[in-house]
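A.B. asks: Let the hints inform the model, and build the full structure from the sequences given.
This is what each chain is made of:
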Amino acid sequence: MSGARSRDEACAAALLGLRGMTPVRLARLLDGMGPSVAWAAIGAGAHPADPTRRFAAEARRVDPDDVARRYAQADVAVLLPGRTGYPAALAGDPGAPAVLCASGDPSVLEARPAVAVVGTRSATPYGAKVAAELGRRLAAADVVVVSGLALGIDAAAHWGALAAGPDAAPPVGVVGTGLDVPYPRQNRALWARVAAAGAVLSEAALGTEARPLVFPARNRIIAALADVVVVVESHRAGGSLYTAEAAARRSIPVCAVPGSVFSAASAGTNELLVEGCVPVRDADDVLTAVALARQGRGKSGPAPSTAVLHRRPPDGPDPVDRVQRSVWEAVDDTPTTVETVLLRTDLSLAALTAAGQELVDRGLLKAGAGWWSRA
Amino acid sequence: MIASIPSAVLLGVDGRPVSVEVHVSNGLPGLTMVGLPDAAVRESRDRVRAAFVSSGLPWPRRRITVNLAPSGMRKAGAGLDLPVAVGVLVASGVLDAAAVAGLAFVGELGLDGSVRGVPGTLVLADALACHRLVVAGSSLDEARLAGGPCVSAPTLSELVARCTGRRPWTEPPAPPPPGDEPSGGAVGVQAGDLAEVLGQPVARRALEAAAAGGHHLLLVGPPGAGKTLLANRLVGLLPDLDIPMSRDVTRVHSAAGELASGAGLVSRPPFRAPHHGVSAVALIGGGSTAMRPGEIGLAHGGVLFLDELGEFPATVLDALRQPLEDGIVRVSRSRGSITYPAQFLLVAAMNPCPCGDAGVPGDCRCSAAARARYARRLSGPLLDRFDLAVRVERPDPTSLLAAGAGEATAPVAARVLAARRRAAERGVVANSQLASRTLDQSAPMDADARELLERQLRTGGLSARGLHRVRRLARTLADLDGAGGTLTRPHVTEALFLRGGRSLLLGEEVR
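As you go down the protein sequences, you meet chains R and L in turn.
Heads up: the first sequence begins at 1 in the numbering used here, then just goes up one per residue.
Heads up: the second sequence begins at 1001 in the numbering used here, then just goes up one per residue.
The hints are simulated quantities; they were obtained by calculation from the structure and are not laboratory data.
Everything numeric in this text was worked out from a predicted model, so none of it was measured.
It cannot be assumed that every hint is accurate.
Derived DEER-like restraints, expressed as beta-carbon distance ranges [stated by the list, open to error]:
#	chain 1	residue 1	chain 2	residue 2	range
1	R	GLN73	L	LEU1457	52 to 62 Å
2	R	ASP285	L	CYS1355	31 to 41 Å
3	R	VAL323	L	ASP1193	24 to 34 Å
4	R	GLY20	L	ALA1483	31 to 41 Å
Non-contacting residues of chain R with respect to chain L, defined by C-beta distances greater than 12 Å in every case (computed) [stated by the list, open to error]:
#	residue
5	PRO51
6	ALA111
7	ARG137
8	LEU213
9	ALA237
10	ARG294
Using N, Cα and C, we set each Cβ at its ideal position, and we do this for glycine too.
C.D. replies: Right under this line is the structure:
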């Protein structure tokens, strides 16, 4: 039993690590087929979902047992739908990952309500304070705080949950990179603490680096795991609105924390409120929403409108120049110090100032004394 | 009978030879001292007499006249006690003139006859290089740094015994040749390690550039952002002093009486951090007689750190402008003028505004007028001297908790040393000294970078002098990154950014 099972996990991990594998392709390959069967079929070039045999050659070179050893060394568990450890909340989800990697103990999600606390990476002190307070009080009320381990709101929420002490509910992080690639690097310590106290989940193979598209995909898992999604701060068309949109599609209540109408960091959340999301001021409001959500599980009330969630493509520099694009993305609508941008982009100061000057010259950024903001 | 004993007194950071002439003749017993002695010198007659009595030496019951030649120059300090005493001994016939031939004396006498060291022994020994110098035992190490022959005597009676040959000069083991091996004397605070600074990437880069290029650095930030912490670590990034500089620094510290006994040549750059209550004289140097070097003289070869720059009186700050430009201080008094070396790296820290929180717009509670008033405390010409003016932010708590240790001093110091070697190939100690007319050879720019600077000049964002300073800074930044040859746009934009300038204080929008 355990032999067949570990073979399944090894093959699933090996599938996950094949070059060009995406969550969608993986789901198709494993649709109605066990991982070890699917692996053998791919290697033989006979898998019906892989008619072009794009994975066949590589699959023949990879030994699933080697892959399994690597995962064991990294202390990363491979979770499969329907098996122990795979989060029950994901089981019936249409976008559920076919293979999920976990470090820590994913069973902390069992028998506890979960709340996703998400928001912008460039949080204001207000947003960070709210997120930390929500994280701490929710964890103390035995609610699992789920977040994305990004900078800003996500980090503040998790630090808050950890601050609630060892007796509180452990936090769960859902990340877009491989579990051995902590990203962003500033959150390395937080990442380890969350894994030690609760769990960090990822649908990416070990060694997967940060790429732009993995984060919106990761957001759907955050939404699916939660009973309630709380957006603390979000810019207009910010990334956390993906999470809100994913939750809305699943009829999971979305709550938003009101902010100043002059604050760019609250533009997205305030718009959510206008669209009819539940306003929350503190953990008590969230806990009420959680109780309502669990009571009415299955018979969802009116879902928040998703009209606002249809993002228009953000303005900005041509995506062709990747450096300028990343600088522009790291600058907020409100003045952002160059040091903050430096920390967000990981560029050298010379490269950053050159790209920044270019963006200022093109009228896309405003420059102040030691800070930039989007024009 | 008459005796003439060579000695020296301190004037600024130089020793001036003084000949102590003693005449003993018949007349009313007593001692008269002429030749512009100051109070400490005049008091020496009481010390000398007491030392004679305590040592069991006969004090002549005759008229003693002491003349300090050249008699037109003011003499200060207690170092003339010993030559006066020896002069009296020779003039009264206790010692043979031949016994002290070729000897010079510097030292203070205690009432019990003991010989004590005086400040500035190294400098005085330099001035008396053609004599065999007799000093106090505690000053012997310092006197030897001058390179000339020197001996010591613990007490006046022992000195007599040694001069007459009844006892040998106990020569301690020969010292290592001075200068070849600075023995690691450090002055000022012990520098902490850069690894203790978490985050602060921009300020770290500025600190590295300041150390590598000798560019003056202004750190602007709210209280508690770590400005002082950073500045204290700058001195650790600087390379050891070379031998001539090491000698100069040691001389200045000797003249100021701040040289630790037995420490040898000062080999590490000094770090001076005067409080903002400092007077102009204490900062620049001076005083009525000895013209002691000030803080900037003591910072020669090292770092002068002015914390809370906005709190220094404007007159004190503007006194810095000439030394910053010339690398020397000229102190003029009615009795003469003195020149000190003062090549130092100026590092200053200040709050951006009275409340301390100004940064990005909206953070600060001060009115624009209050901020402008605060910024006006620094004169434009002084602000212009800072090639590097950067904001230091309070690190946000998340990154403080999450970040590991920063890069340590050692690897950064290695990059600084490599950059200084590149500067040495251009014939200067550091890039900040590159002459404007040689910039086209030493810091050529590609067309892209040139276009950017031309635009800055035209829009008034940069003065002509500022242009040269930006090029020197860009040169340093490129050197640190190991990019020789032509300067490209990134290093020029980085230099423009790190220069910051006045707008940093006002928080105003640049364009």
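A.B. asks: Now look at each hint and say whether the structure bears it out.
C.D. replies: Here's how the hints hold up against the structure:
At roughly 59 Å, the beta-carbon separation of GLN73 (chain R) and LEU1457 (chain L) lies within the given 52 to 62 Å, and the hint holds. A hinted range of 31 to 41 Å holds for the C-beta pair ASP285 (chain R) and CYS1355 (chain L), which are about 35 Å apart. A C-beta distance of roughly 33 Å is found between VAL323 (chain R) and ASP1193 (chain L), which places it inside the suggested range of 24 to 34 Å. At about 38 Å, the CB distance of GLY20 (chain R) to ALA1483 (chain L) agrees with the hint of 31 to 41 Å.
Listed as outside the interface, PRO51 (chain R) is consistent with that label: its C-beta sits roughly 47 Å from the nearest C-beta of chain L, beyond the 12 Å cut-off. Distance check on ALA111 (chain R): its Cβ is at least 31 Å (rounded) from any Cβ of chain L, clearing the 12 Å threshold; non-interface status holds. No Cβ of chain L comes within 12 Å of the Cβ of ARG137 (chain R); the nearest lies about 19 Å off, and the non-interface call holds. Listed as outside the interface, LEU213 (chain R) is consistent with that label: its C-beta sits roughly 25 Å from the nearest C-beta of chain L, beyond the 12 Å cut-off.
Every CB of chain L lies more than 12 Å from the CB of ALA237 (chain R), the least distance being 22 Å, so the non-interface label holds. Listed as outside the interface, ARG294 (chain R) is consistent with that label: its C-beta sits roughly 31 Å from the nearest C-beta of chain L, beyond the 12 Å cut-off.
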